[in-house]
Structures are given as structure tokens and as C-alpha cells.
Amino acid sequence: MEMVNLTIDGQKVQVPEGTTVLEAARKAGIKIPTLCYLKEINKIGACRVCVVEIEKTRGLQASCVYPVAEGMVVRTNTSAVREARKEVVELILSNHPMECLTCSRNTNCELQALAKQFGITDIRFKGENTEFHKDASTPTIVRDPNKCILCRRCVSTCNNIQGVGVLGVIDRGFNSIIAPAFQHPLDEVDCVYCGQCINVCPVGALTEKDDTQEVWNAINDPEKYVVVQTAPAVRAALGEEFDYPVGTSVTGQMVTALRRLGFDKIFDTNFTADLTILEEGNELLDRLKNGGTLPLITSCSPGWVKYCEHNYPEFLDNLSTAKSPQQMFGALTKTYYAKKAGVDPSKIFSVSIMPCIAKKYERQRPEHRDSGFVDVDAVLTTRELAKMIRVAGIDFTALPKEEYDEPMGISSGAGLLFGATGGVMEAALRTVYEVVTGKTLEKLEFVEVRGLEGVKEASVDLQPLGTVKVAVAHGLANAKKIVEKIKAGEAEYHFVEIMACPGGCVGGGGQPLVGGPDRMALEENFLELRAKAIYEEDAGKPIRKSHENPAIKTLYEEYLVKPLGEKSHHLLHTHYTARPKYQVLANNKDK
Amino acid sequence: MDCKCNGKCAQGSIENKFNLIDHIIESYKDQKGSLIPILHQIQKLLGYLPEDVQAYVAKKLEIPLSEVYGVVTFYTLFTTQQKGKYNINICLGTACYVKGSGKILSEFEKQLKIKVGETTEDGMFTLDACRCLGACGLAPVLVVNDKVHGRLTVDNVASIIEKYREE
Chain A
1 MEMVNLTIDG QKVQVPEGTT VLEAARKAGI KIPTLCYLKE INKIGACRVC VVEIEKTRGL
61 QASCVYPVAE GMVVRTNTSA VREARKEVVE LILSNHPMEC LTCSRNTNCE LQALAKQFGI
121 TDIRFKGENT EFHKDASTPT IVRDPNKCIL CRRCVSTCNN IQGVGVLGVI DRGFNSIIAP
181 AFQHPLDEVD CVYCGQCINV CPVGALTEKD DTQEVWNAIN DPEKYVVVQT APAVRAALGE
241 EFDYPVGTSV TGQMVTALRR LGFDKIFDTN FTADLTILEE GNELLDRLKN GGTLPLITSC
301 SPGWVKYCEH NYPEFLDNLS TAKSPQQMFG ALTKTYYAKK AGVDPSKIFS VSIMPCIAKK
361 YERQRPEHRD SGFVDVDAVL TTRELAKMIR VAGIDFTALP KEEYDEPMGI SSGAGLLFGA
421 TGGVMEAALR TVYEVVTGKT LEKLEFVEVR GLEGVKEASV DLQPLGTVKV AVAHGLANAK
481 KIVEKIKAGE AEYHFVEIMA CPGGCVGGGG QPLVGGPDRM ALEENFLELR AKAIYEEDAG
541 KPIRKSHENP AIKTLYEEYL VKPLGEKSHH LLHTHYTARP KYQVLANNKD K
Chain B
1 MDCKCNGKCA QGSIENKFNL IDHIIESYKD QKGSLIPILH QIQKLLGYLP EDVQAYVAKK
61 LEIPLSEVYG VVTFYTLFTT QQKGKYNINI CLGTACYVKG SGKILSEFEK QLKIKVGETT
121 EDGMFTLDAC RCLGACGLAP VLVVNDKVHG RLTVDNVASI IEKYREE
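In order, the protein sequences belong to chains A and B. Once you know that position 247 of the first sequence is 247 in our numbering, the rest is easy, because the numbers rise by one and skip nothing. Once you know that position 26 of the second sequence is 26 in our numbering, the rest is easy, because the numbers rise by one and skip nothing.
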């Protein structure tokens, strides 16, 4: 690649052709402030916070989109640059509700950080403020357009990364608003509640619906027996909320924190992830042997399930009927566990801690009441758990490491893998291989399905059954690619894993936020770092295959009898519903 | 377009409305950046762009509905409201305004008993305002559908309304 020499603030820099001035400056140790720019997601030069002076060009240039050129001379710290940047932020603030102290993004807001960085102590521009309706129509995402700064990061994410395209820019000028078409509320459009828009929002315009108070109320109620499960990806990211480096696993401290918060039993979703492997693995074998619908596609990701229901109803028979680990857990807590522990199931309040926003929706789906009660009573995101820990005054970094409770806290490394893209596939292959071939799997790591490539494929020799072709996609734009390929008959997969969020659950919509400047500062992609934490923890686990989990064996012996059996069918399997993509057309019988 | 109806088949029937859109979209097949001309053609035939039509265009072009709606709301040319038989568009550009087009607009509002942007109950007139029609020499100026009326005073308002009522 051709190298280009340029000078930034008097320093000589050499970078490959095509690099932007922003990236080149970072290489020289100069941090140009940004706001609308988001690495690999949004690069539109809209906000003008990153402007610089470039010799021989007129005016100031947005460095996030300006490519370097040989001999270019850049200045990032002149009075014209400083004034322009400050003025841009002042203008944004002039139409921004000054509710910082009560905003959920207080001290974690990119706009607030810039106001501080630029030394803004006064709003010079005063005028009319836009007044938009706040959308709290869903149990998942809350949209407050009054706080929106129109950076379009959410629009890029929703359109390009997720291929959902629910959010767009409406109207123009002062009246511009980011919203679904016709400004319909989110619960009336084909939003899949993945929450990726929240993860990229620099301010408090997009947030999750906060359910922490409900959980506090249950903990405070002496009548209630409060059980909590933690999803695999939560432990790989929760530490970031307490200033641990990205990619630090904090499993032990998290368990201790939950105990100190007052939960009666601390269980692990990994337990039912193992159970999912047994049910779904057997479903795969059943479909392979008996000519069932193929490829079998995973159904643990509620964002993907909703996307499939809206966009590919013809593929609903391909979805595994196995419930997600969260919902299997919920159904078993108020049946199997209640009986085993001698607790009245009507007194159990079942909480799950998820890296996910869509899980808040999944728990409310009417089909998830197989225990005779609402199977899961509340879902908190990783961020909400961190909030509870802070509110309780727990010094997280000083906590000792404790163990999960038995029996539903016992799990294998395979169950843990569910937290990263390719993990369900890898966990399933570890079990299916041994079940089919009768041999012991020597090398447990299926590296072909790991990593951040959008679509991953692999073939596994499962004699005497034959070669099984598998594929993995993460991020819904990639899911679309795989499904279209299957639709066009261009690929013959047997088993496909799809996760709605980029990176899988480690990149879920409920995970700690990694802001624009932080994404630039990290050497590696934060999703990769979180996945590494999961792989390291799996490698150190004494049990690494779902079918070897002793608590799962006991569960089948004492209660379920066998995978895909009658009890499993009733408690652990579900069905799906075709949903319209365009509500306004669905109401019209002709089209 | 393959259809020889020249848009006539669209009148009245929902089913034909979508057939018509199919024809229009087909004529722009594989052309990039065809959203705006497609919407323009549809509006020419239907008079406006209702929600179901926008959704249908999004579905056919395989682009997000939010993008279609974004374009429709960005350009003042597009409208999501059904217009009256006669669309009165009064210029409020600088030249017309200083020559009293604001007063003419108020007079229309008074006589038609509607506000700017609204349509009369009998579906006869829609009242709109715009920024410069490019006919400043005729200021103050307005257009009714495609017909230009220039050098107006408040006294002309009644006769203009009367003229189109009779047609």
C-alpha cells in the first residue's frame, strides 16, 4: 500500500493512503474530539466537532472524513479550530434539555464530556427549543427525541449493521427528528428491540426501560423468594462499569454482589444453556435422521426471532422449537426447582440479568407462561445490574469471589460459550459429535466458528451420519445474507446459528456502553476482547461439554426423563408467530 | 410503462393503485437513485402519498420505509395529505411579501374558512404557501394548480374563488 507523508501540528506522520486526518492524528498521539463519528459505523462529517485547519484549503475541514494527502499540513489546535468546535457544541446545547443531573447518561455522556473539554460554562445562544413526544411504548427501548443531537449513529446502526431500518431522519432543519416512519411508536413498527441503537447513542436519547425498582421491591418483600440467573456474556463486560479494562471476566465478584444485594439464590443461565444444547442438539439429530425441516436455525436470540417473524415468516419452521436459555430457566425455576427446594412457586420472583434488551420483550411474550405463572418476572440489563450495585454502595472492586448456588448454578464451559458469536454452534458440536460418533472429542475448540467475521462456515465429519455443514452469523445484516443464500438455494446448511447483535451476546444492547472516543482508543475491537474473556474462562473450566454437566444429568433423571420428552415438550419448547413488516400494508387486504 | 391506461386505471380502486405503482417502479427498474422520481410520478397520479403507498414503495424497492418517509418529509414538493381539486399556492417570497401577499393569504383563509395547509370540506380547495415561484415580476403572485395569477390585490380573492367554483 502506498504510504503518505503529512505534518500534523508540526509532527511528521506517515500513514497508508486512504487514511483520514482523524486517524492519522491519533497515530501521532493527537486526540481530535469527535461526536457523530463512530468507528466502523458512522462516518458522515455531520457534527463538525472534529474540524481542523488544513493548509491550502478554504475554511475548516471535518477530519473524520478528510483523506490524507502527500505533503499535507494540518493544524488541530489553532484559535479558529478551538472556537469553531466550541461553537458547534454550544449550538447543540442551545437546543438540549439541561437535565444532566437526572439523565441516565449523567457522567457517561459524550456531549457532556465535550462541554467539559471545551470549557463551556455558559450557553450564549438562547432561543426556541424543539418539543417532541417521548416514546416509551415498548418494554425495551425508550426514545426521547428531545435529547437527540441528530448524530445519526443509531440510524447507521439500525440500517447498515442490523439491516432493520426502523429509524430514519424525518423532516428537515429545526424540525428534524430521528424516529420510525410516520413517527409511529416503536411497538407499532418492525423494530426487533436489539437495542444496538442504545449502544451507539452518545447522549440520553435512547435508553433501556429501567426495571430496577421492580426488582428492589421484590427483594424488599419478605414474602418473595427472589431467584436470579446471569447470562454468560454479563460476566465478560460488567467489570467495565467499575473501571476494569475491557475483557476482564468478573464472575466471582458478580456472584458476591448479587448475594449482597439480597437475592435468595444466585443461579446461572449457563445451566440452561447446557440444557438448550441437549434439547436443540437432539432436535438437530431428529431432523437429520427423520427428514425434518433443515437447516435448523437457533432461536436463543429474541432479537433474531422477532426479525425472522417480521421478515422471513417462511423460515419459522426452521427455527429450533427449543426455548432460549432464559425462558427454559424461568419455566424450570417455578416447577422443578420449586418442588426440589420445597418453595411455593407463587412466591418465587424470578429475575434474569441479561446483556440484552430484547429479553425484556421475550419474557413478556404470552407463550412464556408454561410453569403456570409468568416464567420470568423481571429482566435487568448488565447496565441496570451495575446501577443496583452502585445504589447499594457495594465496592465492587473490593469484593471476594464467590460461587453460584446449586443445582442451577452448575454449568459447563460449553454453556458459557453462548455469550460470544459462534458459541452455541461450538457448544452444540462438542455434544453432537460425541453423541453421534460415540468417540471422545480430542480438540474441543472449533476455531472456524469463532471471531468477528460476519458470516462463518464450517463442515464437521459426524460419522456414521455424514458431513454436517454449519454456518454462523451475528448482526442482523449478516443474518439476512445467510437467510437469502439459503432461500436462493445457494447453500445447503444443516445447522445455522444466528445472533441479532454484532459479536453475539457480548455485544448485546444491554451491555456497558463503549463510547466513540473509547472505541478509537482501544487497540482491539471491544467485542473481541469480551469474547476472549469468555474463551479463557471456558478453557479453565473442569467440565467443558454440556452433556457432562452433572446437574443436567440429575435434572433429566429426577424430572425431565429425556431430551424432547413429554415434560421437555411442555416446559422447554415453544412456537413462533408471523408478524407483518409493514403494519400499514397489513391492514390493507389487497397488498 | 407497459400499461396503456396512462394512469387512468388508478382512479378509485385500491387494487389498481398498487398495480399502477408496480408499473411506475417497473419503468425505473435497476436505476439507482430512482426513489424521488418514482414518488413524484405516483404523487402526480394520486395527488398525494398516503402511508400505505409509501410502505408499498419501500417494500418494492427493498429499502427501509423510514428512508422513504424521510425523503417525503424532506422535500416540500411531496405531500402526505390529500389535496383539494384546486390547489392554491401563494408565494410568500420577499418580493411578493412586501407587495402584500401575506394579506392575500389571510383573505383566502377568511373566505375559504380554512388555515394554510388545509383543504375545504367540499374537497374543492387546498390552501398552500411557498417561497418564491420565480415570477417576482408579477408579484404578488399565486398559482392555482398550474395556472399563474399575478399582480393581485386583496379584492381579487373573491373572483378567483368564484372562477374555479364555476369550472
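Incorrect hints may appear among the rest.
Distance condition first, Cα-Cα at most 20 Å in a straight line; then the derived PhoX-like pairs of lysine-lysine [said to hold, decoys possible]: (1) 487(A) with 83(B); (2) 27(A) with 12(A); (3) 27(A) with 43(A); (4) 481(A) with 110(B); (5) 83(B) with 480(A); (6) 110(B) with 83(B); (7) 83(B) with 481(A); (8) 59(B) with 581(A); (9) 60(B) with 581(A); (10) 480(A) with 59(B); (11) 487(A) with 59(B).
Keep in mind the hints are simulated off the structure, nothing from the lab.
Quick rundown of the hints versus the structure:
Between residue 487(A) and residue 83(B) the CA atoms are separated by roughly 43 Å; this puts the pair beyond 20 Å, and the hint is violated. This hinted pair checks out: residue 27(A) and residue 12(A) have alpha carbons roughly 11 Å apart, not beyond 20 Å. Our distance criterion of 20 Å between C-alpha atoms is met by residue 27(A) and residue 43(A), whose separation comes to about 18 Å. Note on residue 481(A) and residue 110(B): the hinted pairing is violated, with a Cα-Cα distance of about 58 Å set against a maximum of 20 Å.
Of the pairs offered as hints, the one joining residue 83(B) and residue 480(A) is violated, with about 40 Å between alpha carbons and a cut-off of 20 Å exceeded. Taken as a hint, the residue 110(B) and residue 83(B) pair is honoured in the structure, with Cα atoms around 19 Å apart against an allowance of 20 Å. Using a Cα cut-off of 20 Å, the hinted pair residue 83(B) and residue 481(A) is violated, with the two alpha carbons roughly 42 Å apart. With a CA separation close to 9 Å, the supplied pair residue 59(B) and residue 581(A) stays within the 20 Å bound.
Straight-line distance between C-alpha atoms of residue 60(B) and residue 581(A) comes to about 13 Å, which keeps the hinted pair within the 20 Å bound. Our distance criterion of 20 Å between C-alpha atoms is met by residue 480(A) and residue 59(B), whose separation comes to about 15 Å. A threshold of 20 Å between alpha carbons decides the hint, and for residue 487(A) with residue 59(B) the separation of about 18 Å falls inside it, so the pair holds.
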